[in-house]
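Asks: All the letters of the sequence shown, read from the start, carry residue numbers 1 to 235 under this note's numbering.
No wet-lab data here; the hints were simulated from the structure. Ideal Cβ positions, reconstructed from N, Cα and C, are used throughout, including at glycine. One thing to keep in mind: the hints can contain errors.
[What the hints assert, rightly or not] Cβ-Cβ distance ranges computed for the label pairs, FRET-style:
1. Ile11 to Thr107: 20 to 30 Å
2. Ala141 to Pro189: 31 to 41 Å
3. Gly12 to Thr164: 36 to 46 Å
4. Arg173 to Glu58: 40 to 50 Å
5. Gly12 to Val57: 39 to 49 Å
6. Gln91 to Glu58: 14 to 24 Å
7. Gly12 to Ile136: 39 to 49 Å
8. Ile17 to Arg186: 19 to 29 Å
9. Ser88 to Leu112: 18 to 28 Å
10. Ile62 to Arg173: 38 to 48 Å
11. Ser113 to Gly134: 22 to 32 Å
12. Leu112 to Arg173: 18 to 28 Å
13. Ile11 to Thr77: 13 to 23 Å
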Amino acid sequence: PGEFIPLAEDIGLIVPIGEWVIKQACLDAASWPGSIKVAVNLCPAQFRNARLLSTIVEALDISGLPPSRLELEITETVLLANSQATLSMLQHIHMLGVHIAMDDFGTGYSSLSYLRSFPFDKIKIDQSFITDAGDIDSSVAIIRAVTSLGNSLGMQTTAEGVETVEQLERVRREGCTEAQGFLLSRPLPARDIPAMLERTRAVVAGEIIETEPETSGERDTDKPGRRRSRASVPA
1 PGEFIPLAED IGLIVPIGEW VIKQACLDAA SWPGSIKVAV NLCPAQFRNA RLLSTIVEAL
61 DISGLPPSRL ELEITETVLL ANSQATLSML QHIHMLGVHI AMDDFGTGYS SLSYLRSFPF
121 DKIKIDQSFI TDAGDIDSSV AIIRAVTSLG NSLGMQTTAE GVETVEQLER VRREGCTEAQ
181 GFLLSRPLPA RDIPAMLERT RAVVAGEIIE TEPETSGERD TDKPGRRRSR ASVPA
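Could you build all of it, start to finish, from the sequences and the hints given here?
Replies: Have a look at this one:
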(Lines of atoms letter the chains of each structure in order from A and count residues from 1; the text may use other names and numbers.)
(Lines give C-alpha, C1' and ligand atoms only; values in the text may rest on other atoms or scores of the structure.)
Protein backbone atom coordinates (compact mmCIF):
# COMPACT_ATOMS: atom_id res chain seq x y z
CA PRO A 1 0.00 0.00 0.00
CA GLY A 2 2.84 2.42 0.75
CA GLU A 3 3.90 2.20 -2.89
CA PHE A 4 0.61 1.40 -4.61
CA ILE A 5 -1.54 4.19 -3.13
CA PRO A 6 0.80 7.10 -4.05
CA LEU A 7 1.11 5.67 -7.57
CA ALA A 8 -2.69 5.47 -7.90
CA GLU A 9 -2.90 9.09 -6.77
CA ASP A 10 -0.25 10.19 -9.27
CA ILE A 11 -1.95 8.58 -12.26
CA GLY A 12 -5.45 9.68 -11.27
CA LEU A 13 -6.93 6.29 -10.36
CA ILE A 14 -7.28 6.74 -6.61
CA VAL A 15 -10.90 7.99 -6.81
CA PRO A 16 -12.32 5.06 -8.85
CA ILE A 17 -10.25 2.62 -6.77
CA GLY A 18 -11.53 4.28 -3.60
CA GLU A 19 -15.13 4.03 -4.79
CA TRP A 20 -14.70 0.32 -5.47
CA VAL A 21 -13.11 -0.21 -2.05
CA ILE A 22 -16.00 1.49 -0.22
CA LYS A 23 -18.58 -0.62 -2.06
CA GLN A 24 -16.66 -3.88 -1.66
CA ALA A 25 -15.94 -3.21 2.01
CA CYS A 26 -19.65 -2.76 2.69
CA LEU A 27 -20.53 -5.92 0.76
CA ASP A 28 -17.92 -7.94 2.67
CA ALA A 29 -18.90 -6.56 6.08
CA ALA A 30 -22.60 -7.20 5.48
CA SER A 31 -21.89 -10.94 5.65
CA TRP A 32 -20.08 -10.69 8.99
CA PRO A 33 -21.95 -11.42 12.22
CA GLY A 34 -23.39 -9.05 14.78
CA SER A 35 -22.17 -5.48 15.05
CA ILE A 36 -18.76 -6.08 13.47
CA LYS A 37 -17.61 -2.90 11.72
CA VAL A 38 -15.44 -2.29 8.69
CA ALA A 39 -13.17 0.75 8.48
CA VAL A 40 -12.07 2.46 5.28
CA ASN A 41 -9.37 5.12 4.99
CA LEU A 42 -10.15 8.16 2.83
CA CYS A 43 -7.56 10.36 1.12
CA PRO A 44 -7.80 14.07 0.17
CA ALA A 45 -8.57 13.30 -3.49
CA GLN A 46 -11.71 11.43 -2.47
CA PHE A 47 -12.98 14.46 -0.57
CA ARG A 48 -12.50 16.58 -3.69
CA ASN A 49 -14.74 14.16 -5.56
CA ALA A 50 -18.37 15.29 -5.73
CA ARG A 51 -19.52 11.66 -5.86
CA LEU A 52 -18.16 10.68 -2.42
CA LEU A 53 -21.44 11.06 -0.54
CA SER A 54 -23.50 9.31 -3.23
CA THR A 55 -20.91 6.51 -3.37
CA ILE A 56 -21.30 5.89 0.37
CA VAL A 57 -25.11 5.96 0.15
CA GLU A 58 -25.06 3.57 -2.81
CA ALA A 59 -22.63 1.22 -1.05
CA LEU A 60 -24.85 1.04 2.03
CA ASP A 61 -28.01 0.56 -0.04
CA ILE A 62 -26.61 -2.19 -2.25
CA SER A 63 -24.96 -4.10 0.60
CA GLY A 64 -27.67 -3.62 3.20
CA LEU A 65 -24.95 -2.79 5.74
CA PRO A 66 -26.27 -0.62 8.60
CA PRO A 67 -24.51 2.78 8.47
CA SER A 68 -23.31 2.34 12.06
CA ARG A 69 -21.16 -0.58 10.91
CA LEU A 70 -19.16 1.56 8.47
CA GLU A 71 -16.32 3.67 9.82
CA LEU A 72 -14.39 6.18 7.73
CA GLU A 73 -10.88 7.12 8.84
CA ILE A 74 -9.33 10.44 7.87
CA THR A 75 -6.02 12.10 8.69
CA GLU A 76 -5.14 15.73 9.27
CA THR A 77 -3.96 15.91 5.65
CA VAL A 78 -7.57 15.45 4.56
CA LEU A 79 -8.76 18.18 6.92
CA LEU A 80 -6.14 20.66 5.71
CA ALA A 81 -7.46 20.41 2.15
CA ASN A 82 -10.36 22.90 1.90
CA SER A 83 -11.46 22.45 5.49
CA GLN A 84 -14.84 24.18 5.06
CA ALA A 85 -15.92 21.88 2.24
CA THR A 86 -14.51 18.90 4.14
CA LEU A 87 -16.49 19.87 7.25
CA SER A 88 -19.69 20.05 5.22
CA MET A 89 -19.00 16.65 3.66
CA LEU A 90 -18.23 15.04 7.03
CA GLN A 91 -21.40 16.45 8.54
CA HIS A 92 -23.48 14.96 5.72
CA ILE A 93 -21.72 11.61 6.09
CA HIS A 94 -22.24 11.67 9.85
CA MET A 95 -25.94 12.37 9.36
CA LEU A 96 -26.18 9.06 7.52
CA GLY A 97 -25.15 7.32 10.74
CA VAL A 98 -21.66 6.45 9.49
CA HIS A 99 -18.90 6.68 12.10
CA ILE A 100 -15.88 8.94 11.55
CA ALA A 101 -12.44 8.44 13.09
CA MET A 102 -9.46 10.78 13.23
CA ASP A 103 -6.47 8.67 12.24
CA ASP A 104 -2.86 9.12 13.42
CA PHE A 105 -3.89 11.56 16.15
CA GLY A 106 -1.00 13.49 17.65
CA THR A 107 1.20 13.72 14.56
CA GLY A 108 -0.18 17.00 13.18
CA TYR A 109 -0.21 20.59 14.33
CA SER A 110 -3.94 21.25 14.56
CA SER A 111 -5.39 18.00 15.88
CA LEU A 112 -7.07 19.57 18.91
CA SER A 113 -8.80 22.30 16.93
CA TYR A 114 -10.12 19.68 14.51
CA LEU A 115 -11.67 17.72 17.38
CA ARG A 116 -13.61 20.84 18.29
CA SER A 117 -14.77 21.56 14.74
CA PHE A 118 -15.37 18.18 13.10
CA PRO A 119 -17.88 15.41 13.98
CA PHE A 120 -15.53 12.65 15.11
CA ASP A 121 -16.66 9.50 16.91
CA LYS A 122 -13.19 8.13 17.55
CA ILE A 123 -9.59 9.22 18.10
CA LYS A 124 -6.88 6.85 16.89
CA ILE A 125 -3.63 7.43 18.77
CA ASP A 126 -0.65 7.23 16.43
CA GLN A 127 1.52 4.13 16.64
CA SER A 128 4.64 6.15 17.49
CA PHE A 129 3.27 6.92 20.97
CA ILE A 130 2.40 3.27 21.58
CA THR A 131 5.83 2.06 20.47
CA ASP A 132 7.65 4.59 22.65
CA ALA A 133 5.43 4.17 25.72
CA GLY A 134 7.71 1.56 27.26
CA ASP A 135 10.74 3.83 27.20
CA ILE A 136 9.52 7.42 27.13
CA ASP A 137 7.37 8.65 30.01
CA SER A 138 5.99 11.54 27.97
CA SER A 139 4.45 9.08 25.49
CA VAL A 140 2.53 7.41 28.32
CA ALA A 141 1.41 10.82 29.55
CA ILE A 142 0.17 11.71 26.06
CA ILE A 143 -1.76 8.43 25.76
CA ARG A 144 -3.34 9.10 29.15
CA ALA A 145 -4.23 12.68 28.19
CA VAL A 146 -5.74 11.69 24.84
CA THR A 147 -7.89 8.95 26.37
CA SER A 148 -9.10 11.38 29.01
CA LEU A 149 -9.87 13.93 26.30
CA GLY A 150 -11.74 11.33 24.27
CA ASN A 151 -13.77 10.31 27.30
CA SER A 152 -14.68 13.93 28.02
CA LEU A 153 -15.78 14.46 24.41
CA GLY A 154 -17.70 11.18 24.25
CA MET A 155 -15.28 9.66 21.73
CA GLN A 156 -13.72 6.21 21.67
CA THR A 157 -9.93 5.98 21.67
CA THR A 158 -7.98 3.39 19.69
CA ALA A 159 -4.31 2.60 20.28
CA GLU A 160 -2.66 1.89 16.92
CA GLY A 161 0.21 -0.51 16.36
CA VAL A 162 -0.12 -2.71 19.45
CA GLU A 163 2.36 -5.53 18.92
CA THR A 164 3.07 -6.91 22.40
CA VAL A 165 1.05 -7.99 25.42
CA GLU A 166 2.86 -5.34 27.46
CA GLN A 167 1.69 -2.61 25.09
CA LEU A 168 -1.87 -3.94 25.21
CA GLU A 169 -1.88 -3.94 29.00
CA ARG A 170 -0.40 -0.44 29.08
CA VAL A 171 -2.97 1.15 26.77
CA ARG A 172 -5.77 -0.58 28.66
CA ARG A 173 -4.45 0.83 31.93
CA GLU A 174 -4.34 4.29 30.42
CA GLY A 175 -7.98 4.07 29.34
CA CYS A 176 -7.94 3.25 25.62
CA THR A 177 -11.26 1.71 24.63
CA GLU A 178 -9.84 -0.15 21.61
CA ALA A 179 -6.53 -1.45 20.30
CA GLN A 180 -5.31 -2.58 16.91
CA GLY A 181 -2.07 -4.14 15.75
CA PHE A 182 -0.21 -7.33 14.95
CA LEU A 183 -0.79 -8.71 18.46
CA LEU A 184 -4.51 -8.94 17.70
CA SER A 185 -4.49 -9.68 13.97
CA ARG A 186 -2.32 -9.26 10.92
CA PRO A 187 -3.98 -7.93 7.75
CA LEU A 188 -6.06 -10.58 6.00
CA PRO A 189 -7.79 -10.91 2.62
CA ALA A 190 -11.56 -10.56 2.84
CA ARG A 191 -12.16 -14.25 2.15
CA ASP A 192 -10.31 -15.17 5.36
CA ILE A 193 -12.17 -12.77 7.64
CA PRO A 194 -15.16 -15.02 8.52
CA ALA A 195 -12.86 -17.82 9.72
CA MET A 196 -10.74 -15.31 11.62
CA LEU A 197 -13.84 -13.98 13.37
CA GLU A 198 -14.70 -17.47 14.51
CA ARG A 199 -11.19 -18.04 15.88
CA THR A 200 -10.57 -14.70 17.52
CA ARG A 201 -13.61 -14.25 19.73
CA ALA A 202 -11.35 -15.26 22.54
CA VAL A 203 -10.10 -14.05 25.87
CA VAL A 204 -7.15 -11.65 25.71
CA ALA A 205 -5.67 -10.59 29.04
CA GLY A 206 -8.84 -11.76 30.78
CA GLU A 207 -11.26 -9.84 28.55
CA ILE A 208 -13.32 -10.73 25.47
CA ILE A 209 -12.13 -8.91 22.34
CA GLU A 210 -14.53 -8.05 19.55
CA THR A 211 -12.82 -8.06 16.19
CA GLU A 212 -13.35 -5.14 13.83
CA PRO A 213 -11.96 -6.14 10.42
CA GLU A 214 -10.34 -4.34 7.56
CA THR A 215 -8.41 -6.21 4.91
CA SER A 216 -5.44 -4.48 3.33
CA GLY A 217 -2.09 -2.98 4.26
CA GLU A 218 0.95 -4.68 5.71
CA ARG A 219 1.40 -2.66 8.90
CA ASP A 220 -0.43 0.05 10.78
CA THR A 221 2.14 2.46 9.34
CA ASP A 222 1.16 1.63 5.74
CA LYS A 223 -1.04 4.67 5.11
CA PRO A 224 -3.45 5.09 3.59
CA GLY A 225 -4.56 1.49 4.05
CA ARG A 226 -8.07 0.66 3.01
CA ARG A 227 -9.44 -2.21 5.11
CA ARG A 228 -7.37 -3.67 7.94
CA SER A 229 -7.89 -6.36 10.57
CA ARG A 230 -8.14 -5.02 14.06
CA ALA A 231 -9.77 -5.73 17.37
CA SER A 232 -11.47 -3.61 19.98
CA VAL A 233 -10.55 -4.27 23.58
CA PRO A 234 -13.11 -3.33 26.25
CA ALA A 235 -11.78 -0.96 28.87
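Asks: Tell me the hint numbers this structure goes against, listed in increasing order.
Replies: 5
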